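One-letter residues, chain by chain:
2 protein chains.
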Amino acid sequence: MPLPELKQNKEKRQKLLDCALELFVEQGYFNTPVRQIIAKSGFGTGTFYNYFTNKEEILKALLEQFANEIISSVKDYYTVEKDLAKRFIETKRLNMEVFIRNRKLTEIYCRVAGASEVIDATLKQFEDKLIEFFRKNIEYGIKKGAFNDVPATPVAYGILAIEKQLLYKWIVLKDITAEEMIEMVISYHETLAKGLLKKH
Amino acid sequence: MPLPELKQNKEKRQKLLDCALELFVEQGYFNTPVRQIIAKSGFGTGTFYNYFTNKEEILKALLEQFANEIISSVKDYYTVEKDLAKRFIETKRLNMEVFIRNRKLTEIYCRVAGASEVIDATLKQFEDKLIEFFRKNIEYGIKKGAFNDVPATPVAYGILAIEKQLLYKWIVLKDITAEEMIEMVISYHETLAKGLLKKH
Numbered sequence: 002m003p004l005p006e007l008k009q010n011k012e013k014r015q016k017l018l019d020c021a022l023e024l025f026v027e028q029g030y031f032n033t034p035v036r037q038i039i040a041k042s043g044f045g046t047g048t049f050y051n052y053f054t055n056k057e058e059i060l061k062a063l064l065e066q067f068a069n070e071i072i073s074s075v076k077d078y079y080t081v082e083k084d085l086a087k088r089f090i091e092t093k094r095l096n097m098e099v100f101i102r103n104r105k106l107t108e109i110y111c112r113v114a115g116a117s118e119v120i121d122a123t124l125k126q127f128e129d130k131l132i133e134f135f136r137k138n139i140e141y142g143i144k145k146g147a148f149n150d151v152p153a154t155p156v157a158y159g160i161l162a163i164e165k166q167l168l169y170k171w172i173v174l175k176d177i178t179a180e181e182m183i184e185m186v187i188s189y190h191e192t193l194a195k196g197l198l199k200k201h
Numbered sequence: 002m003p004l005p006e007l008k009q010n011k012e013k014r015q016k017l018l019d020c021a022l023e024l025f026v027e028q029g030y031f032n033t034p035v036r037q038i039i040a041k042s043g044f045g046t047g048t049f050y051n052y053f054t055n056k057e058e059i060l061k062a063l064l065e066q067f068a069n070e071i072i073s074s075v076k077d078y079y080t081v082e083k084d085l086a087k088r089f090i091e092t093k094r095l096n097m098e099v100f101i102r103n104r105k106l107t108e109i110y111c112r113v114a115g116a117s118e119v120i121d122a123t124l125k126q127f128e129d130k131l132i133e134f135f136r137k138n139i140e141y142g143i144k145k146g147a148f149n150d151v152p153a154t155p156v157a158y159g160i161l162a163i164e165k166q167l168l169y170k171w172i173v174l175k176d177i178t179a180e181e182m183i184e185m186v187i188s189y190h191e192t193l194a195k196g197l198l199k200k201h
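For the record, the sequence lines run as chains S and A. Take any residue in the first sequence, count from 1 to its spot, add 1: that is its number in the numbering used here. Take any residue in the second sequence, count from 1 to its spot, add 1: that is its number in the numbering used here.
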């Protein structure tokens, strides 16, 4: 059983995560056994199990850091940009930039869905965190009177859905460049913000 | 090598597809070898290879029929509903109803992405067909002056993305019911149609 968080050494934990990510990138998530992660880290087997129970927990921790990075980049931007309409569009660019900076983790995220129940639960935790953050921001915009009073949850799902679909097109299908991907995400959210229907 | 289409017997081909789908549903796509499909069909091995080269071709054919069913259901509806704004929303309900009717194929669609390059290419063909259909309908709405003159391609991707994300939530995560899924898809497209931003 892993040690309580207080007794864990943060640098050791991060070292295990870094080694795991490197191996996942080199040879794929599914082809990387825990013992290779342990060997790469140089720690003993017992040390590994002080921090993680299994490989899925490593993926969960990596995705948790990832979600936090996406959310902080948006929060930092909020301190300098106060216009809610501009925020709605430009935060999508920031999201995509974090995905691009973490290209390898993004690729794992795009590839592992549907593989097993544990993986699906792990991805769900990552996605729910982002969707919840998107939802709160939309509700804030509604409360402040900048947005129409629409159900926020489906919109939050829609944001993640288009980001994910275009990430897949970029990183798995290699069908578009990173720049084209950002452009499509921005164009899409401009339409979502202003509406597809002509006003009469 | 498969026979030219003209020399193929449509019922035999369909029988092979039906047997394959049943096995994919029972034991998963990846756990079903071609020889089991042949055994279930009662045909000889040579007959199978008159129609398909491998398992991916079966999946491709199943998804092609699936895309055609989605598209025809929309086209049928177009013959009775002429209002473009209403069409934009209600066709999404029709899409989801076809996915629900083909629950097992939908589950395969939601689970196999990212598994291999051949699978990804197969799914891409299915998705591209739907995206192209969505794109044409949006461009028709723009041409007819019902929709704003926005880039249609990102919107078409967005439609498939939210449908897929919520299908996954329904059929893989079992997090929402079919009715809740339809409701979210409709709500989302109402927002997309009218716009999130308040007009000033």
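Quick caveat, the hints were computed from the structure, so don't treat them as lab data. In this text, all values refer to a predicted model and were calculated from it rather than measured experimentally. Treat each hint with caution, since some may be false.
[Said to hold, decoys possible] Some residues of chain A that are not near chain S, with every Cβ distance over 10 Å (derived):
1. Lys8
2. Arg112
3. Ser188
4. Thr192
[Unchecked claim] These stretches of chain A come out as covered by chain S in the derived footprint (C-beta under 8 Å, 3 or more residues):
5. 18-32
6. 56-62
7. 134-147
Ideal placement from N, C-alpha and C gives every residue a C-beta, glycine not left out.
We went through each hint and held it up to the structure:
Listed as a non-interface residue, Lys8(A) keeps its Cβ farther than 10 Å from every Cβ of chain S; the least gap is roughly 34 Å. Not every CB of chain S is more than 10 Å from the CB of Arg112(A) (nearest about 4 Å), against its label as outside the interface. At roughly 4 Å from the closest C-beta of chain S, the C-beta of Ser188(A) falls inside 10 Å, breaking its exclusion from the interface. Residue placement check: Thr192(A) does not keep its beta carbon more than 10 Å from all beta carbons of chain S (closest about 5 Å).
Judged by the Cβ-Cβ criterion of 8 Å, the region 18-32 of chain A is not covered by chain S as claimed, because only 0 of its residues qualify and three are needed. Counting residues of the region 56-62 of chain A whose C-beta lies closer than 8 Å to any C-beta of chain S gives 0; at least three are required, and the coverage claim is violated. Check on the region 134-147 of chain A: 4 of its residues sit with their Cβ under 8 Å from a Cβ of chain S, so the three-residue criterion for coverage holds.
Of the numbered hints given earlier, the model fails hints 2, 3, 4, 5, 6; all others are met.
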